[in-house]
Amino acid sequence: DAKTTQPNSMESNEEEPVHLPCNHSTISGTDYIHWYRQLPSQGPEYVIHGLTSNVNNRMASLAIAEDRKSSTLILHRATLRDAAVYYCILRNTGTASKLTFGTGTRLQVTL
Amino acid sequence: DGGITQSPKYLFRKEGQNVTLSCEQNLNHDAMYWYRQDPGQGLRLIYYSQIVNDFQKGDIAEGYSVSREKKESFPLTVTSAQKNPTAFYLCASSIGRGPHNEQFFGPGTRLTVL
Chain W
35 DAKTTQPNSM
45 ESNEEEPVHL
55 PCNHSTISGT
65 DYIHWYRQLP
75 SQGPEYVIHG
85 LTSNVNNRMA
95 SLAIAEDRKS
105 STLILHRATL
115 RDAAVYYCIL
125 RNTGTASKLT
135 FGTGTRLQVT
145 L
Chain L
7 DGGITQSPKY
17 LFRKEGQNVT
27 LSCEQNLNHD
37 AMYWYRQDPG
47 QGLRLIYYSQ
57 IVNDFQKGDI
67 AEGYSVSREK
77 KESFPLTVTS
87 AQKNPTAFYL
97 CASSIGRGPH
107 NEQFFGPGTR
117 LTVL
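Chains as they are written, first to last, in the numbering used here: chain W, 35 to 145; chain L, 7 to 120.
To be clear, the hints were calculated from the coordinates, so they are not data collected in a lab.
These figures come from a predicted structure and were not determined experimentally.
For each residue, glycine too, the CB sits at the ideal point set by N, CA and C.
Some hints could be false.
[Claimed, not checked] Which bits of chain W does chain L cover? Going by a derived footprint, with three or more residues having C-beta under 8 Å, they are: (1) 40 to 47; (2) 72 to 83; (3) 115 to 126.
Make a model of the complete structure from these sequences and hints.
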């Protein structure tokens, strides 16, 4: 499976944008980029996914580099409820049966 | 409301006892999954099922068993053969197994073996 690399932790102030990076230099052409987040003591929650083009939804935006070797999850205005561990995951047809979670990025949001 | 339920939220068992964790979904999803999470770690896949009466082993299936007799139910049994069963167990479902399908997760069951 292609691997992803994320910073262990990041901090943000409330109401400010947050850019969470993910490197995936060995990504294949058929890998989708997924983001999930996990709040303390809860199950993970889907955030967004994309293949080649940038994507927006009500929760966040996903910016994908032109060579697809990196991507950035953008939270436009962080709130205290966004404090969670964010996971960047690659999925293709062969690995679609599972989500391979790394250790993710722990986002702290302060007032 | 549609969703995934897992029960109980906390479970305590004595070493050597089998225990079954419940997972139910009313999303009409075909695929269901069981993951295990240890402190400070990501999730690891135990078993998954794409359709009723069919399931496959994941990365860490030893010491676990599952059944899929109904579309909405996918119980996980932690047997006495599982050497280190204390963990946070998460059930998930998705409409299909395609790489673009999101997985919906339940709230989890925290199992402690004494």
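Item to check | Stated coverage of the region 72 to 83 of chain W by chain L [criterion: 3+ residues, CB within 8 Å] | outcome: holds (count 7)
Checklist entry - Has the region 40 to 47 of chain W got at least three residues whose CB is nearer than 8 Å to a CB belonging to chain L? => result Violated, because only 0 residues of the region 40 to 47 of chain W bring their Cβ atoms closer than 8 Å to Cβ atoms of chain L.
Next on the checklist: Quick check: do three or more residues in the region 115 to 126 of chain W have a beta carbon closer than 8 Å to a beta carbon of chain L?
Outcome noted: holds (count 3)
Checked against the numbered hints above, the structure violates only hint 1.
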